[in-house]
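Following the hints, put chain B with the ligand in place on chain A, whose structure we already have.
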Amino acid sequence: MTDTELRVSKIQSGTVIDHVSAGEALHVLKLLGIDGTGGTTVSLGMNVPSDRLGRKDVVKVEGRELSDSEAEVLSLIAPEATINIIRDYDVVEKRRVERPEEVGGVLVCPNRECITNAGEPVDPTFAVLDDGLRCEYCGEIVREDITAHLRD
Amino acid sequence: MRHDHLLTAKQLSRADIETVLDRAAAFDDDPEAASERYADTLLALCFFEPSTRTKMSFETAAKRLGGDVVDMGSVESSSVKKGESLADTVRVVEGYADGIVLRHPKQGAAKMASEHVDVPVVNAGDGAGHHPSQTLLDLYTIRERAGLDDISVGIMGDLKYGRTVHSLAHALTNFDVRQHFVSPESLRLPRSVRYDLHEAGAQVREHEDLEAVLPNLDVLYVTRIQRERFPDEDEYEEVAGEYRITPETLDAASDDLAVMHPLPRVDEISGAIDETENATYFEQAHNGVPVRMALLDLLLNDD
Ligand SMILES: [Zn+2]
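Protein chains in written order, with the numbering used here: chain A, 1 to 152; chain B, 1001 to 1303.
Keep in mind the hints are simulated off the structure, nothing from the lab.
Glycine included, every Cβ here is placed at the ideal spot set by N, Cα and C.
Keep in mind that a hint or two might mislead.
Unchecked claim - Covered by chain B, according to a simulated footprint, are these stretches of chain A (three or more residues, beta-carbon under 8 angstroms):
hint : stretch
1    : 105-116
2    : 135-143
To be verified - Label pairs and their computed distance ranges (CB to CB):
hint : chain 1 : residue 1 : chain 2 : residue 2 : range
3    : A       : 147       : B       : 1198      : 24 to 30 angstroms
4    : A       : 123       : B       : 1036      : 42 to 48 angstroms
5    : A       : 23        : B       : 1301      : 54 to 60 angstroms
6    : B       : 1037      : A       : 30        : 56 to 62 angstroms
7    : A       : 23        : B       : 1270      : 56 to 62 angstroms
8    : B       : 1105      : A       : 147       : 47 to 53 angstroms
What the hints assert, rightly or not - A few chain B residues facing chain A, derived, Cβ under 8 angstroms:
hint : residue
9    : 1050
10   : 1087
11   : 1111
12   : 1263
13   : 1264
So here's chain B without its partners, still in its complex pose:
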């Protein structure tokens, strides 16, 4: 990988993705392999929006590489609360750390931050924009379960605001993947993402019902539909209910279907799925550590 920063999944070529995934697989097989590699390396965790899971995953990855982290802490207790700009914050943090992991509520925040510092910036989620490290672990999981070519992937739920969806859709255009998007009309993919998929020549279909497409899927990627997106509770219940996965839903699916979810889930996947062979989301979450180790290894390595 020849990138200085990881800002969007769009910047990743097929070769980049395969490099990260291969290295992640090596770390997964032998977690001790790189345990001393980054003994003097400090990674700054700047989370302007809470995300315990992503933050812990990066922290674990840094420590498994022998490095350590400094954590900005919650926004409430930091100088950001006093009105400091993001640009100033990252310029200060650059003086402490060898790399910055940034989660921020505004789209494009990571790109702007990267323009103000010389250390690598990893976008760990920018509003409804991108979440490329999540995408890498999603791809790793898909590769393990189904391979990354000649497959059909269904992506379902809130496709409008779901940044994990946007990043994943971009990345999948590098592979021979048929993408099926399933969502209520009001939560369809945004125009900018559809534009990119079209530009990339992706094989894309949009659906309102899962039924028609389910039997052909190798992977079903489920995301949460948030209550806040709907003007009233009843409307939300009606929509959300149709996009809930239960054992009955999966009757029509292939036995090998991998059901994925970026987590946390609320009730969009019933607990009864957890014990089935289809459940892939905990494995997916576990893959976050080796994948982020591989990513940090590639970004922090000077040679």
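Here chain A stands alone, though its shape is the one from the complex:
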């Protein structure tokens, strides 16, 4: 076990998100809808030294496995992240996040005049650009603070 891993407690089952860009850990929690009120046990490491990234954040979530769509959005705020699924203290699955070509169902369009915000049966879908996201309905581009647009 490395020094880095010792800084935050080991979990029994759940998800360890490693190699999160330094400073993005709280955004990852927001993405996962974790604000501390739900009783989920969460451990955070922020600005932890990392060979690969220099500094990184680590997020450990007890009792929760990340869904594919959550992993897709995670890739936008933490492109280097690795996801470790833990069961009974063992890593049963380890994967890198991959940037998808589009993300749907997780974010809302910031454009109030967009049809996806009009109560119609349509899933807001965003094309993934090199430096942001673009609503496939109204064309609005989201570059900064993607987590501000997460669906409640």
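The following block gives chain B with the ligand in isolation, referenced to the frame of chain A:
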């Protein structure tokens, strides 16, 4: 054209545009040519926002092709008022008609509608988004007056909210056109349109004054600056006044300059321009019918 729907000008290639314009020219020369072609065809006009001109133009085009229209009527008198979704409305209308022309205040409405029906959907304006059939008639007019390559086009007025501007700018990237955008700082092109123009490698310049660029233009496309966009009347008057075209404004322009406007205009082009060779906006409006005939012909034709 291999498209099922016409949703944005972005989907149109140069070849698509030329196909529509060539066919429109044929209809313009011989309006009777297709008069029986769509005898059993019904086009549904769903206008969730009033636009008498665009609606009449589509209606005329459908009838000139031998077809007919069913009209949803005004939103006030329809089930929409009772809260029916757009998705449900178009699914019902699909059962009546062979194609749907949709005008709607929300951006992306036509795209969403197209995902719920199997008949062709024509976007006739979605909020500040797109208005591709207007763009086709604009291009037709530009082609007639100046050709579509090696020209300079000035686009002036409310570039932020003007959907006709956004669609036209996209479409012009298919041609060898230098685009000059002239507007007050607060009404510049939105970020998403600038992004597309950049991606398309378009030759684009932005200006606050018309003066510097006017002498080089072959086409000046004027749009209305709306009073509602400004917090107070004085500020509006000050800005609008600078973007008003009078005979004096045109002293510095080339004699061949084509002055265009999607209409309706209020006072951004003085009536004194109407009688000059530069005035192109009524011709432009007239071109709406043959161009929409060509567009419907291509979208409704099964073969
Ligand atoms: Zn949108």
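Evaluated hints:
no.	hint	result
1	105-116	holds (count 5)
2	135-143	holds (count 7)
3	147/A - 1198/B: 24 to 30 angstroms	holds, 26 angstroms
4	123/A - 1036/B: 42 to 48 angstroms	holds, 43 angstroms
5	23/A - 1301/B: 54 to 60 angstroms	holds, 57 angstroms
6	1037/B - 30/A: 56 to 62 angstroms	holds, 57 angstroms
7	23/A - 1270/B: 56 to 62 angstroms	holds, 57 angstroms
8	1105/B - 147/A: 47 to 53 angstroms	violated, 29 angstroms
9	1050	violated, 18 angstroms
10	1087	holds, 5 angstroms
11	1111	holds, 6 angstroms
12	1263	violated, 23 angstroms
13	1264	violated, 22 angstroms
Taken one by one, the earlier hints fail for this structure at numbers 8, 9, 12, 13, listed in ascending order.
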